[in-house]
Amino acid sequence: MRLFELISRRSWVPLGGYLAYVLALAAGYYYNLTFIQLGLIDLGTRLVGMSSAAVSAAMAALALSTLAVAVVTGVVMDRRGWNKNLRLKLRLLFAITFSQLVLTLVAPRIEAPSLFIAWVMVCSIPLGAGIPVMFGSMIDFIPVRDRGFVAAVVAGLAFFVAALYPAEWRIEEFSVVVAAAMAPAVAALGFLAFKRLTFVDELSRQHVEFGPGRFCRPHPVRTTDFTFLALIVLMFGIFFIDSLGFLRIIEAPVYMYSSWQSPDMAVRLFIATTHMVAALMAGVLYTNFSRRWIFLWVFGLFAFTHLMYTFHLRTGPDVVPPLVMPMFYVVAVSFYTTLNFAVWPDHSTADTIGTHTALGVGVAGWLASFLSTALALYSESAGLSLLSHLTYVNALALLLLLALPLALYVRRMVALARVSGAV
Amino acid sequence: MSPSLVPLLVLALLLMGVEHKDAARAELVMSGTHELTDHESALIVGDASVTIPVGVEILGPVYVIGGDVRIQGSVRTSVMQLAGELIVEETATIDGELRSVAGSRAVSENATIGRRTMIELTPTSPNPLLVLLPFAFMSGILALAGAAWARRRPGMLINVGRALTQHPVISLTVGTLVALTGLSLIVFMAFTLVLIPISILGLLTAALAVGCGVVTMGHLVGQHTRIRKAGLATGIGALLVMAGLELIGLIPLIGDLVAMGILTAALGAVVITYFGLSEFNPVKLPE
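Same order as they appear, the protein sequences are chains A and B.
Going by the numbering used here, the first residue of the first sequence is number 1, and it counts up by one from there.
Going by the numbering used here, the first residue of the second sequence is number 1, and it counts up by one from there.
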């Protein structure tokens, strides 16, 4: 790891860059996981009194709007060369975090559906802009060799804290706590962004070395390349499967006690620790193996996990579910989240990272997550049983598990046929 | 669930599938302390403490593969003990057969038991030498296999050994992942009953892979001895590794965990080198 070399050389500035990036991305992802993805449902259904179907429609709108803002921001950043200007990115990040702080504080005061919709749409602006700005900053802070491990630490930290706090997603209490945590971060960002600091100047030169990602050497990956588009489809599939199953599982009374919302602290601690360990394992795998292996593991783990849940529902729904079920779910989630943090910057250069991270995280992450969350809410309101719902999720996971090696095999066949002149 | 319970669980499910074809469901109790209420499905008890109180009826068969089971009430079919501790009190009624293959037990003379079969695989007051026999047998097999392997295909052992010593973190990561998913899949398949043969095959493959890992560690240890013959050095090394793992296991609190970690890393090294057929080279990343 490059990190150890930096520690032995006592290079404090790049080390500070590592720390800043890990803290900022972990905090941002924690905010996304808790306040937006789950707090939104609580706000819409309980506080505003909207139906699940109406909240799911609002979430779909949020996803689409966030994607649009992310892509526009990413393309503008690439075209204007903003990716190579760390100070500008810090200023953008300050503006984004400040607006999120304000939105967080006003959230519990929303009482009318029209205000809720307006709040959701305004939320999508900093969320969307934050994707290329935050993910794109990897080229300023993290060398290619360490990206897998850094992504693992970010994913592990965010999930670890999210699994332990809050135990109940009630937006009133949570918004106060989150705002209190965000305020010093906003102040620190403002200091870094607007004060002339040699620390920032030194970091801003690192993109020259760190810019070309792991899969962009020697040739950069273009946005229209098959590899990049296939990656978006695969990641979309993973996020879609996860959110589709997760929301129904955590709300099912039979799984409540062995899931993320368990009132038992020991269960939540087990889940939090598993998140952290699994993320570190994913970091090791990402750094040392080809990416297709990790995709296969993720699809395989999801397929197996949902198979266990459906098997349990079919054979013994009244029996206390074993912790091995959420454990596998957690491992799969930590794996793909680590992959998501590292894979987009590694398929980009300083000239394409805005668009690539916006498309990657926006389409695969946001759009997939929120569309499937909306679909899960809809299936619940339509009265689809948990077993039927999870059977569909499982079918999708198995399909992707089968499709990946098949696609790789067919691709190899086509390449061989081209070489032999058959095509 | 302790990995050592997996073979017994598969065996219990196999027996259940053969003897109680009408048992549509089985409940697995693997941890905690439980006092049961009336129960219709089959019951398999692992690392748990289970009491069947007076007045409670268990309609399905009971399999004890670990932990402790105290029967005060009624079991309408049979009870089979494969390991763990079984206490049958004087108020207990077992309509079918009580079979005990291994583990410790205390059966009250006044308990009502349809039929009783005791197969003494583990003697009640064990001779220390007899207790060591399975360990010595296993170590001997591994030493012989290691010696033959080192003589015939030393390159394979070198590949696994290099993966283990040069990439211990990767080996441990892959080993953990393979062990977790592999064991869960084996148990899960066993629950389908139809796939029990595949589960058994999986268990054998897992045992083979772990055995290869132990032999590799033996090879590495053997290289540090003064024995020149590669086969003999590996064989003796394997014996030393087995003894070392047993000794590590004696360390309180962390001993088992450390021994398990070493075996898991060895398993990972075996997996990433395709049982030593290929050298493991991690992908090269730019600086």
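Some clues are possibly wrong.
Claimed, not checked - Just a few of them, taken from the derived set where beta-carbon distance is under 10 Å, the chain B residues facing chain A: (1) 26; (2) 30; (3) 33; (4) 41; (5) 70; (6) 72; (7) 102; (8) 170; (9) 172; (10) 184; (11) 187; (12) 191; (13) 195; (14) 285.
It should be emphasised that the hints constitute simulated quantities derived from the structure, not laboratory data.
Predicted model, so just to flag it, every value in this text is computed and none were measured.
Heads up, the beta-carbon is just placed ideally off N, CA and C, and yes, glycines get one too.
Subject >> Hints the structure fails to honour >> reply: Violated hints (numbers, rising): 3, 5, 6, 7 and 13; every other hint is consistent with the structure.
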